[in-house]
Amino acid sequence: MNLTLRVWRQAGPDAPGRFETYQAADISPDSSFLEMLDLVNEGLIEQGEEPIEFMHDCREGICGTCGIMINGQAHGPASQTATCQLHMRTFSDGDELVLEPWRASGFPVLKDLVVDRSAFDHIVEAGGYVTVDTGSAPDANLIPIPKDTADLAMDAAACIGCGACVAACPNGAAQLFTSAKIAHLNSLPQGQAERYQRTESMVDVMEEYFGSCTNMGECEAACPKGISIDFIAMMNKDYRKAKFQNRRSA
Amino acid sequence: MATKVSDGPGAATRRAPFVVELYRSALGKKYVMAITGIVFMGYVLAHMLGNLKLYQGAEEFNEYAEFLRQLLYPILPESATLNILRLVLLLSLVGHVVAAAQLTAMNRKARPERYQGKRDYVVADFAARTMRWTGVIVLLFLVYHLADLTWGWVNPAPEGASVYDKVIASFSVPAISAFYLAANLALGVHLYHGVWSLFQSMGWNNRRFNHWRRTLAIGFTVVVVGGNLSFPIAVLTGIID
Numbered sequence: 006m007n008l009t010l011r012v013w014r015q016a017g018p019d020a021p022g023r024f025e026t027y028q029a030a031d032i033s034p035d036s037s038f039l040e041m042l043d044l045v046n047e048g049l050i051e052q053g054e055e056p057i058e059f060m061h062d063c064r065e066g067i068c069g070t071c072g073i074m075i076n077g078q079a080h081g082p083a084s085q086t087a088t089c090q091l092h093m094r095t096f097s098d099g100d101e102l103v104l105e106p107w108r109a110s111g112f113p114v115l116k117d118l119v120v121d122r123s124a125f126d127h128i129v130e131a132g133g134y135v136t137v138d139t140g141s142a143p144d145a146n147l148i149p150i151p152k153d154t155a156d157l158a159m160d161a162a163a164c165i166g167c168g169a170c171v172a173a174c175p176n177g178a179a180q181l182f183t184s185a186k187i188a189h190l191n192s193l194p195q196g197q198a199e200r201y202q203r204t205e206s207m208v209d210v211m212e213e214y215f216g217s218c219t220n221m222g223e224c225e226a227a228c229p230k231g232i233s234i235d236f237i238a239m240m241n242k243d244y245r246k247a248k249f250q251n252r253r254s255a
Numbered sequence: 053m054a055t056k057v058s059d060g061p062g063a064a065t066r067r068a069p070f071v072v073e074l075y076r077s078a079l080g081k082k083y084v085m086a087i088t089g090i091v092f093m094g095y096v097l098a099h100m101l102g103n104l105k106l107y108q109g110a111e112e113f114n115e116y117a118e119f120l121r122q123l124l125y126p127i128l129p130e131s132a133t134l135n136i137l138r139l140v141l142l143l144s145l146v147g148h149v150v151a152a153a154q155l156t157a158m159n160r161k162a163r164p165e166r167y168q169g170k171r172d173y174v175v176a177d178f179a180a181r182t183m184r185w186t187g188v189i190v191l192l193f194l195v196y197h198l199a200d201l202t203w204g205w206v207n208p209a210p211e212g213a214s215v216y217d218k219v220i221a222s223f224s225v226p227a228i229s230a231f232y233l234a235a236n237l238a239l240g241v242h243l244y245h246g247v248w249s250l251f252q253s254m255g256w257n258n259r260r261f262n263h264w265r266r267t268l269a270i271g272f273t274v275v276v277v278g279g280n281l282s283f284p285i286a287v288l289t290g291i292i293d
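Chains W and V supply the protein sequences, listed in that same order. Start counting the first sequence at 6; every next residue gets the next number (this note's numbering). Start counting the second sequence at 53; every next residue gets the next number (this note's numbering).
No lab work stands behind these hints: they were computed from the structure. Here the structure is a predicted model, which is why all the values come from computation and not from measurement. Beta carbons are placed, not taken as given, at the ideal position from N, Cα and C, and that holds for glycine. Check each hint, because a few of them may be wrong.
One-sided and incomplete, this derived list gives chain W residues near chain V with beta-carbon spacing under 8 Å [as the list claims (entries may be wrong)]:
{"id": "1", "residue": "Q78"}
{"id": "2", "residue": "V103"}
{"id": "3", "residue": "S123"}
{"id": "4", "residue": "A124"}
{"id": "5", "residue": "P175"}
{"id": "6", "residue": "V208"}
{"id": "7", "residue": "V210"}
{"id": "8", "residue": "M221"}
{"id": "9", "residue": "M239"}
Excised from the complex, chain W in its bound form (with noise of 0.2 Å):
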């Protein structure tokens, strides 16, 4: 497969950006996405050019480190499916690709398609744990979970924080990420302690970083793991419980 590819490039978190175009020669319809930019970037470093940085790490869609914009879609245009598994026989031959980071005020660029997503750890850091006995580890299962709530909590917990959510979504908003990360610990028991204060502490920490939330659905699309706006809804009701519950207990 022969492809056009138009970058993002981007020397420096202040530094203008602009569209750089790059052949794709001789691709394999059977590599991945994110070794096709290799390929490319092998080529860059041999004609003495900077090559395009991106991120990447795991490369089996479990990490959640990768993260392209590829035609105007998070993560491109397969369902459920993160960057580095997206594989190239998703495109066809002549395609031109245009690729580029993220955009959100919570996630600036550092440099061509990389951005910085720290802002996600300042919403977990607000309320994404529980607390626990210190001393000698518990029995497991010593506390009895249904199996349905032990399913949802891992639909939501299947989130891998890679911020395609915010990508997609025409406003900028990390609803999804954060009512994921809130749902997966308030739909347990261990999480029923803390469970008020931490839905009031994360959503506000969101709310420093992110836009708002005006129900398009497009980051649901956009989640390479499927996870559902319907956890959107539960952070929603749970925000107003808190807040009054909060004011009940001053």
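Based on the hints, put chain V in the right spot on chain W.
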């Protein structure tokens, strides 16, 4: 370091009443959008149903207009109930518009640099992406509608005409009818997303009824907008005169 959009609702040091605390957050503002939206849903439905009396003739319609003034009379003074309802609608309008403006400003800040390439939306439909536009169109229409039929400033009927005659006089002008039709289509697009969306904002989510939300939004929109569209069309085609 990520740029902050705001200091967030947690930055306030003093604890305010529950409603104020909630409103400080964007999530709380969405509650305001949803609750005021429900108020408007009740209003546009009642408004459309009441206007169906146009088809029963001038006498029935004018009687209905008078009845609205007599609501709960003589428990309350004449027009008191109507004015209380108007106040509720006015406050809802202020809440809906102010919250929308604040949320829009926040969302603009959250993506200071737009995507330079073309976006390819997967599920965000026309209605969802044009809420701000359809909202503004409906708001402008509302001002005209009040000036036309409530205050009578721009109504083509002679001074002292009955409510029924005013409606007929307005809708007999094709340009005015066209504006009413266009504005109601905008209202329909707004309702199509708004009625569905409010369930998410209110946190009303249950797998037993989730699949009914879209059906409800479509049904409600078709009933309200269908009724509203029929009035100018009926006048223009001479079904009512």
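| task | Sort out which numbered hints this structure fails and list those numbers smallest first. | result | Structure breaks no hint.
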